[in-house]
Each structure stands twice: as structure tokens, then as C-alpha cells.
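Trainee: Residues per chain are reported as follows:
2 protein chains.
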Amino acid sequence: MAKDALTRRDILSRAGLGLAGAVGLGAIGCATASAPAAASAPADGAPVAATPRVSDFPYQKHLRPAYRLDAGAVKEAAYHAYYAGGCCHGTYSALLGHLAATAGAPFDQLPLDFGRFGIGGIELYGSICGAVLGGIMIVNQIVADPKARAAMMTDLMRWYERASFPSYVPAATDAAEKGLTRDFSAANVKKLQVVPRSHLCHASVSGWCTANRVAANGADKKARCARLTADVAGRTVEVINAHLAGASPAAAAIDAASASCVSCHTPASTDLPVASGMECGACHTDKQKDHPGGKRTRT
Amino acid sequence: MAKDALTRRDILSRAGLGLAGAVGLGAIGCATASAPAAASAPADGAPVAATPRVSDFPYQKHLRPAYRLDAGAVKEAAYHAYYAGGCCHGTYSALLGHLAATAGAPFDQLPLDFGRFGIGGIELYGSICGAVLGGIMIVNQIVADPKARAAMMTDLMRWYERASFPSYVPAATDAAEKGLTRDFSAANVKKLQVVPRSHLCHASVSGWCTANRVAANGADKKARCARLTADVAGRTVEVINAHLAGASPAAAAIDAASASCVSCHTPASTDLPVASGMECGACHTDKQKDHPGGKRTRT
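In order, the protein sequence lines correspond to chains A and B. Letter by letter, the first sequence follows residues 1 to 299 of my numbering. Letter by letter, the second sequence follows residues 1 to 299 of my numbering.
It should be emphasised that the hints constitute simulated quantities derived from the structure, not laboratory data. Among the hints, a few may not be true.
You can't tell identical chains apart in this list, so a pair holds if it fits in one copy or across any two.
[Unchecked claim] The list that follows gives simulated cross-link-like pairs (lysine-lysine, DSS-like), each with its CA atoms no further than 27 Å apart:
hint	residue 1	residue 2
1	LYS147	LYS190
2	LYS147	LYS191
3	LYS222	LYS178
4	LYS222	LYS191
5	LYS191	LYS61
6	LYS191	LYS178
7	LYS178	LYS287
8	LYS178	LYS190
Same shape as in the complex, but just chain A (with noise of 0.2 Å):
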């Protein structure tokens, strides 16, 4: 019962998100939160140190070459932000409002609620995941290098087409979960995954909850979601902090079976050219058993 007893207000707090203050709850107004001291007129007359500005974008060159995210406090933070505004919105303000906690501007000055459009792939239309978009916006904000920036966001795609969704399994249960017909202990959650094998959103959802035959609109897709959203705020921070540490981070190279059908269907072609990054048989699943010409393999 303890647990549960936890308000959304402990578990911020919990999570660093004390300052912020208001995830989920509204538009923030905190430029002079967290305001480094260094930008008071120093009384020898030297230069005066600004604090960063949104405009002096992007931001890796604001935070301490020490500095990393805490991927356990962003995880349960983005878990309850999914119920206050959806899967992007749980990614966008659980990692923005870890960054205005932690490293202060020019994070603080962000509105933390620029995530919600992207709930259900974009307002519902099943487009690229949220919290996948919600996480690839904050690596935006942050990463200078273009290749590490690029490299960094298709590895969320990717490893979000391989990986097992849900495994979190949040500190305190979230008040607005209810109504479960579906087991998400930690002792029952391996049950429940599924491989989305694409990072968009109706394929993603559709596959979840045809494979636990549960609606696409109900407490039990909700629940997966949330989870899914703490993981994939999870993988967002791991991908950063290594980034940070130095580490070039390279996304995983395409699965075998796409990479035989690019190797016919390259860009450069003028014959059905492809453009794409992503897991092909999870959509064409007419080309795996009945490809036109009968070709399958380049020969």
C-alpha cells in the first residue's frame, strides 16, 4: 500500500524534477530557476559570463564535460508522464526536466510540454513512435556532431524495432492505472513483450495488443505504453551519456534480410529505388513469400 500511495508529486520530486515542477501539469515558466551565479556583474569589472541562451543551440557545449543523466530517476519520471500527457510527452518532459534540474540552462528555459503532440504517432495517427520522437528531440537538442546525431537516432529506431516491450517495471504504481486485465509484474512482464520489429506507432501498438488480444484504447495498451515509454527513456539516456563519455556511438547495422533486399533496391538505382533505413518484411510481408519476378536474393 505504501507503495502505491506515492503521488505523482513524491515520484517527480524523487526524480529530480522538484525545480521543473510541473511535468505533465502545464507550461513552466522558470528562465531564473536555476540562473548560474556567474551571470551576476562581477565586481572587478571582467566580462560577464551569460547564461546560455535557447538560441546558442545545440547545448553539449553548455554542460560539464563530467555531466551524465540518471537513467533510473528519467525512466520512473517518464512512466508517470505518459499518464499525464502521452508517450512523447513521457520521454520529452521526464529527460528535459532532468536536464532543467541537473545542468540548468538553457534546459530550464524550454517549455517542458513541447512533447504532447506526438502521443499515438503524432495526435493518433500511428506514425513514428512518441516516445522514440520525444527522445530523438532531446539527443537534438544536445549533440553537435551531424554523424554522431545521426547515429544516435537510428540506433533508437533500430534497437526500438528489436527490442522486447515492455521490462519496466516502475518504483510506484501510477494513480490513472487501472483497471488492468493484464499481469505487468516484474514476475509476469516477460509474458507480455512483443518485438515491435518497427519503430512506428500503429504497428508497434496493433502487434502489442493483437498478440495479448487486449484493445488498442484500453488500460492494458496504456500500461504496455507507459512501460514502454520508461524504456525507451531509458535507451535515450544510455545513448547520451556514452555520447558524452566520448564514446562514438554506431547505430547496429541493418538486419540481414533488408540488407538483401537493398543490395538489389539501392538508392542510386532508377529501378524501384529505395529509400529507407528501416526493417522491410515488418511491412512487406507480400515480398517475403511472393516476390514479383520470383527474385527474393540478389543473384
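Once you have looked at the hints, place chain B on chain A.
Mentor: Frame of chain A; chain B shown alone:
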């Protein structure tokens, strides 16, 4: 010759982007470029009207009631910005640059380079068309009403599925546009048009290149996507201006064939539920001709 001799600087200046000044040329720091006079402390000690802050989101409340965007200027800027940083950078920087130049704060405090990550469906992954994502992120900055926001974003994605691309004919050819093998002139561009049926870069680009028998990484593809970027930026202006004029935007309904699909595959079903607002047939070609169980319409 005089038409082609225009520099990008000339064009941006014409487009009202002279103040932002650096569309596609790097991040800018322009928080003070258009600080309104109201930010100065009044002599009589009355409260200071603060410059709108980035955290005071969304930004519709900072726009004058009569404010409207100029579609022509934004489209031409988007076309050229495509060549500076891709499709998402094209729409995002053109729209944001125009807002910064014509509406001031807080748009002029935001980095123009935030949309570069969206290139080619997010770092060439083939996910959501970057031009659409750029437009969506600008809608997200402005619109306060969640229902209107959802309708406007759905409109952009569904309109994109059904539009004939490309249609824009630039006022001045970009200096980077060289080596075309297809004729994109006003007299011929309609012959190159394809309806993508999907808002995903992968399907949109692959389908157009296949229909026109050109590579997916060549000059013709880029010329197509540069014009499509202008088309999407123009549609985004239309949608935003209609909203600012007080119209209640409503996205077009899902197509009849997909409506038939989701009449059985409802989100509420526990047997093959579907979460999607997309056109089903664009990807599920096999379900159109050989639906499992022989059912193709609701019985």
C-alpha cells in the same frame, strides 16, 4: 539569366528573412534582434511588459490578432533551405525564420537549425517526411487548443498522402540545383507528379523515384523534394493562417477503403485491433486483393 543570378541572400531578404539572416547557414543568436520597445522600463514606474519567453508556450498568445504568415515568402525560403539542410530544415527554418522576422519574440529566440535532424524521414531512416515534421513542429509552437492542434497536424499528414507532388515552381533556381535529367519547369512539372498515399519519406520518395525512373539519391530526387518542401511549407501556412483567423480546422476524413478496414479493426476490438489514422492500402497491398478469411468489407 537575371532570375538565376539571384543569390540565396537576395532571396532570403525578399522573403522577409533578412533579420534572421542565417537561415540554413548556422545557428543564430538573435534574442535581442527584435526586442519590443515595451521591454524598456517605463519612466513612471509602471510594470514592465516583459519580452515573451521561450518557456511561455505555446506562442499564439504572443501574436497580434491580425498576424498572418506570407505563404509566398515562406515557400520560396523553404525551397532554398532544403538545399541548405534537407526537407525538415526547409519547412522548419523557413517558417520559424519568417515568424522571427515578422512576429519577433519568442520566435526570434529559437534556433533555426533545430529541424536538421528530420532529413529523409529522420536522418535518412525513411520515417515521417521531414517536411511534414517541420511543419508540425511549427504548428506545435503556435497552437494552444489541443483539439485544433490535433486537427491541424492530422490535416497536414492526410493532405500530404493525397497531394500531387511536386507542384511548386521556384521564383529563382537554387545555385545547388544542378544535373537534372527531368524537366521541373512550370510547363512540365505536372507530368512529374505522384500522389504518395503515405506521409512516410520511405514510401513517398521511393514511389516518386520509381514512377519517374530516377535514383533516390540523385539530383532529380532532390529537386522534387525541394519543391515538395515548399508545397508543405505553403500548406502549413494555410492551416496556421486559417486557425489564426478563427476558423475551426478539421482534417479530411480517412479514405473510404481504410474506413472499411477500421470498421472491423477498431481500436476497441480485442481481435486484431488497429491504431492508425493512415491510409491502410498504401502499405497493406496484400490485404486489398487477398484478405485473410476472404473478408474485405464489413458484413
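Trainee: For each hint, tell me whether it holds in the structure or not.
Mentor: Against the structure, the hints:
1. LYS147 x LYS190: neither (35 Å within a copy, 36 Å between copies)
2. LYS147 x LYS191: neither (38 Å within a copy, 37 Å between copies)
3. LYS222 x LYS178: within (10 Å within a copy, 50 Å between copies)
4. LYS222 x LYS191: within (17 Å within a copy, 46 Å between copies)
5. LYS191 x LYS61: neither (43 Å within a copy, 48 Å between copies)
6. LYS191 x LYS178: Answer is within: at 20 Å inside a copy they meet the 27 Å cutoff, but 55 Å across does not.
7. LYS178 x LYS287: neither (41 Å within a copy, 36 Å between copies)
8. LYS178 x LYS190: Within one copy only: 20 Å inside a chain, 54 Å across chains, cut-off 27 Å.
When the structure is compared with the earlier hints, violations turn up for hints 1, 2, 5, 7 and for no others.
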